[in-house]
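Colleague: Quick mapping for you: the protein sequence lines, in order, are chains A and L.
Residues in the first sequence are numbered consecutively from 0, following numbering that gives the first Met the number 0.
Residues in the second sequence are numbered consecutively from 0, following numbering that gives the first Met the number 0.
Check before you lean on any hint, since a few could be wrong.
Said to hold, decoys possible - A partial selection of chain A residues facing chain L, derived with a Cβ cut-off under 7 angstroms:
| id | residue |
| --- | --- |
| 1 | Thr267 |
| 2 | Gly268 |
| 3 | Ile301 |
| 4 | Ala304 |
| 5 | Ile323 |
Stated by the list, open to error - Each computed SDA-like pair below joins lysine to any residue, with the alpha-carbon atoms no more than 20 angstroms apart:
| id | chain 1 | residue 1 | chain 2 | residue 2 |
| --- | --- | --- | --- | --- |
| 6 | L | Lys293 | L | Arg311 |
| 7 | A | Lys305 | L | Glu1 |
| 8 | L | Lys102 | A | Ile301 |
| 9 | L | Lys185 | L | Gln53 |
| 10 | L | Lys49 | A | Gly322 |
| 11 | L | Lys102 | A | Phe297 |
| 12 | A | Lys331 | L | Glu1 |
| 13 | L | Lys293 | L | Glu129 |
| 14 | L | Lys290 | L | Phe76 |
| 15 | A | Lys305 | L | Gly112 |
| 16 | A | Lys305 | L | Ile109 |
| 17 | L | Lys49 | A | Glu325 |
| 18 | A | Lys84 | A | Leu101 |
| 19 | A | Lys305 | L | Ser26 |
| 20 | A | Lys85 | A | Ser130 |
| 21 | A | Lys58 | A | Glu325 |
| 22 | L | Lys115 | A | Ser370 |
| 23 | L | Lys132 | L | Thr97 |
| 24 | L | Lys102 | L | Gln154 |
| 25 | L | Lys293 | L | Ser319 |
Unchecked claim - What follows is a set of in silico ranges between Cβ atoms, one per label pair, in the way DEER data are often shown:
| id | chain 1 | residue 1 | chain 2 | residue 2 | range |
| --- | --- | --- | --- | --- | --- |
| 26 | L | Glu176 | A | Glu45 | 51 to 61 angstroms |
| 27 | A | Ala229 | L | Ile109 | 25 to 35 angstroms |
| 28 | A | Gln36 | L | Gly24 | 54 to 64 angstroms |
| 29 | L | Ile109 | A | His284 | 37 to 47 angstroms |
| 30 | L | Asp81 | A | Ser115 | 35 to 45 angstroms |
| 31 | A | Ser115 | L | Leu206 | 52 to 62 angstroms |
Just so you know, these hints were derived from the structure itself, not from any lab.
Because the structure is a prediction, the values reported are computed rather than measured.
For glycine and all other residues, C-beta sits at the position ideal for the given N, C-alpha and C.
Here are the chains, one letter per residue:
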Amino acid sequence: MPYFDHSATTPVHPDVLELMAITQRDVYGNPSSVHAQGRKAKSIIEKARSQVAAAIGAKPDQIIFTSGGSESNNQVLRSVLNMNKKHIIATAIEHPAILNVLKSLEQFGLSHNCISVDPNGTMNFHEFENSIRDTTGLISVMLANNEVGTIQPVQEIVKTAKPKSIPVHTDAVQCLGKIPIDVDELGIDYLSLSAHKFYGPKGSGILYIRDKKFISALIIGGGQESGLRAGTENIALIAGIGLAAEIATADLSGRARNLTDLETQFKTGLKEFFPNAVFNGNNVHKLPGLINVSFPGFRSDILVAKLDRAGMAVSSGSACASGIVEPSDILKAMGVEDELNTSTLRISFGSTNTADETTDLLSAINSIITS
Amino acid sequence: MEHVIVGLSGGVDSAVAAALLVEQGYSAEGLFMKNWEEDSQYCTSEKDYKDALQVCDSLGIPLRSVNFSREYWDKVFKHFLDEYRAGRTPNPDILCNTEIKFKAFLDYAIELGADKIATGHYARILKSGELLKLARGTDQNKDQSYFLYGLNQEQLSRAFFPIGDWEKTTVRQKARELGFNNYYKKDSTGICFIGERHFKEFLQRYLPAQPGDIITQEGKPVGQHEGLMYYTMGQRQGLGIGGGHGTLEKPWYVLDKKMEKNILIVGQGHDHPDLYHRSLSCSHVHWITGKIPKSETLSAKIRYRAQDAPCRIETTAEQSVSVVFEKPQFAIAPGQSIVFYEHDICLGGAVIDSRWN
Chain A
0 MPYFDHSATT
10 PVHPDVLELM
20 AITQRDVYGN
30 PSSVHAQGRK
40 AKSIIEKARS
50 QVAAAIGAKP
60 DQIIFTSGGS
70 ESNNQVLRSV
80 LNMNKKHIIA
90 TAIEHPAILN
100 VLKSLEQFGL
110 SHNCISVDPN
120 GTMNFHEFEN
130 SIRDTTGLIS
140 VMLANNEVGT
150 IQPVQEIVKT
160 AKPKSIPVHT
170 DAVQCLGKIP
180 IDVDELGIDY
190 LSLSAHKFYG
200 PKGSGILYIR
210 DKKFISALII
220 GGGQESGLRA
230 GTENIALIAG
240 IGLAAEIATA
250 DLSGRARNLT
260 DLETQFKTGL
270 KEFFPNAVFN
280 GNNVHKLPGL
290 INVSFPGFRS
300 DILVAKLDRA
310 GMAVSSGSAC
320 ASGIVEPSDI
330 LKAMGVEDEL
340 NTSTLRISFG
350 STNTADETTD
360 LLSAINSIIT
370 S
Chain L
0 MEHVIVGLSG
10 GVDSAVAAAL
20 LVEQGYSAEG
30 LFMKNWEEDS
40 QYCTSEKDYK
50 DALQVCDSLG
60 IPLRSVNFSR
70 EYWDKVFKHF
80 LDEYRAGRTP
90 NPDILCNTEI
100 KFKAFLDYAI
110 ELGADKIATG
120 HYARILKSGE
130 LLKLARGTDQ
140 NKDQSYFLYG
150 LNQEQLSRAF
160 FPIGDWEKTT
170 VRQKARELGF
180 NNYYKKDSTG
190 ICFIGERHFK
200 EFLQRYLPAQ
210 PGDIITQEGK
220 PVGQHEGLMY
230 YTMGQRQGLG
240 IGGGHGTLEK
250 PWYVLDKKME
260 KNILIVGQGH
270 DHPDLYHRSL
280 SCSHVHWITG
290 KIPKSETLSA
300 KIRYRAQDAP
310 CRIETTAEQS
320 VSVVFEKPQF
330 AIAPGQSIVF
340 YEHDICLGGA
350 VIDSRWN
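Next up, chain A with everything else stripped away, as it sits in the complex:
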């Protein structure tokens, strides 16, 4: 069944699955134990750490393993509680794992500014510069947006922040395996990743930490992960994220090219029979293979349901826990009117999609909107 919702999550790569199965079965030692089984477990974790570090140009000891992007984001933001400067800058289109954390931190005296975005979903840089205060203790800006794919000017943000000694965090959950990530080139201090977005397992993520002295633990207990994440390590999940990161970045330009080809095929094909389609987001500075497109006059939840019935998985806006499609806050922030907002689909291609599948998707959409 063709799956076009890779920004939501990805299927696990077969090699990753196999490694995890073997690890789960054979490597039962506690990594903190000194005997052979323990050492074996430890070495698997450290190998995975090196793999992830290599995938983003970091040093292995700058990586800690977490349960995913949400935890990594929480850990960085909550660390500000222990800092002197208690103001945080983010954008209006961050993931809920940033925005809702910021809201919940207000009660503890942490204030924040959410920088608005332009109609393409790019952060307004002047507003950003003007919102920096003496008390700004952290800037957290996503590397690329999950719904429209617009890449944010993180490098420029760092250039502005560095002279003022403000650390910068980036939520890069959508990006690994789609665009190059180099923590030094970006200059960022903290970075979040989630394995299930790049063909790894769910429940597995990392936090890149340039300098550990500013970050505090969310989970306190044994001294695992340099004391920054207690609890006996989930060795299979960690092995999984390590290999997944390696595979996802192995032939990055080739992978990105495939995604771009599918994206171009879809956009061109759609325009042929539905010239009214509106593509949202930045055309140039964007993630390859992620398409956010509005179908004026059509309800997105109906389109999603009909495509689902035709065996095609796409997504629309953001769905709450009871599966109800709500207008997207991100499109709202970009100034998209409600009517167009609720006519919007997100199609996100992945490494297993083919040109034939894309053709099938186009003809399924065609028959739905012409019926």
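We have chain A; now place chain L onto it with these hints.
Modeller: Same frame as chain A, now just chain L:
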């Protein structure tokens, strides 16, 4: 094969309705509907959704969700508030059927490719020549035809009530046999969007309350009311008047409201003559077959839980009628619906405007 979309609330009735459709070989799909935006950012309809999902998973049918809270607000809730503001006692569940379940939901289902929609209502649809008739559910205690009197022929032709001839106890038993998690879930009570919340508190958030005097018919003040909208005809509970104010140790009842003077009129005893009226006038008349019935054996209910009472339609105009009952009726409340029956057939209904003797 007919494609049927069944509205699933997470409750046991709609769950069994869905199961029966699947058993009968229909191509079925579930649709979960949200009509009310919760106060918190988290989705509290999640529990209901999970129950609905478990039902669909075990039946092997897909479940989709749709949000009609804007439609509900515009078409049902605004009217509900207007009625309370005017001192009347509306029944939003009736409007919810005509405006949401059998309009917005139906339209949506048709757009999704459905031929019909199904719900877990206790009511039946009978074919009589070219006409479709709405009949009471077989379970006399659960019969919900009262709430469905506003449906027209077109809506009935698209509707399906799979449990209309089931008893509630059998429905629960069936749900249990099928392994549905919700088989023991208690029946929803009251108005759906208010749920288990305190009614007064809820209404206060939308309508300013204006406290005033409670007096007897003789004009004797006996207490203070908190705002006329909180009281309905025949109400006994929550008046805050001790029996000591009266001459007899009988409970107090709401007899009437004087909106312009902001006065609540009360009287003692369930047999107080002013609690009973033989006649009423009503508007927004709707007949299910589209025609005024010429029945000699007409009866009507003046509220959901009232007994059917023999009556005749006295005068008829296009949109309003007068009704005379054989025997006086207890606590006829403006804003409530009067629903007409001929034996088991629900003929239609109207909204009560006034009553007299």
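Colleague: Does lysine 185(L) pair with glutamine 53(L) here, judged by a C-alpha cut-off of 20 angstroms?
Modeller: With a Cα-Cα distance of about 17 angstroms, the restraint between lysine 185(L) and glutamine 53(L) holds, given a limit of 20 angstroms.
Colleague: With the threshold set at 20 angstroms, check whether the alpha-carbon distance from lysine 305(A) to glutamate 1(L) stays at or below it.
Modeller: 17 angstroms, holds
Colleague: So if I understand the rule, the pair passes when the alpha-carbon distance is 20 angstroms or less; does lysine 293(L) with serine 319(L) pass?
Modeller: 16 angstroms, holds
Colleague: How does the Cβ-Cβ distance of alanine 229(A) and isoleucine 109(L) compare with 25 to 35 angstroms: does it lie in that range?
Modeller: Roughly 55 angstroms apart at Cβ, these two residues miss the hinted range, so it is violated.
Colleague: Is lysine 132(L) close enough to threonine 97(L), meaning Cα to Cα at most 20 angstroms?
Modeller: 16 angstroms, holds
Colleague: Hint check: is the beta carbon of glycine 268(A) less than 7 angstroms from a beta carbon of chain L?
Modeller: Violated, because the Cβ-Cβ distance from glycine 268(A) to chain L comes to roughly 24 angstroms (cut-off 7 angstroms).
Colleague: Should the hint that isoleucine 301(A) touches chain L count as held when the rule is a Cβ pair under 7 angstroms?
Modeller: 6 angstroms, holds
Colleague: Please work out if lysine 305(A) and isoleucine 109(L) have their alpha carbons no farther apart than 20 angstroms.
Modeller: The given pair, whose Cα atoms are some 12 angstroms apart, holds under the 20 angstroms limit.
Colleague: Could you see if the CB distance from serine 115(A) to leucine 206(L) stays within 52 to 62 angstroms?
Modeller: With a Cβ separation near 37 angstroms, serine 115(A) and leucine 206(L) fall outside 52 to 62 angstroms, so the hint is violated.
Colleague: Given the proposed pairing of lysine 102(L) with isoleucine 301(A), does the C-alpha separation stay at or below 20 angstroms?
Modeller: Roughly 16 angstroms separates the two Cα atoms, so the pair holds.
Colleague: Under 7 angstroms, Cβ to Cβ, is where alanine 304(A) needs to be relative to chain L, so tell me if that hint holds or is violated.
Modeller: Alanine 304(A) check passes; min Cβ-Cβ to chain L is 5 angstroms, inside 7 angstroms.
Colleague: Please check whether isoleucine 109(L) and histidine 284(A) have a Cβ separation lying inside 37 to 47 angstroms.
Modeller: About 42 angstroms separates the Cβ atoms of isoleucine 109(L) and histidine 284(A), which means 37 to 47 angstroms holds.
The structure fails to meet hints 1, 2, 12, 14, 21, 27 and 31 from the earlier list, while all remaining hints are met.
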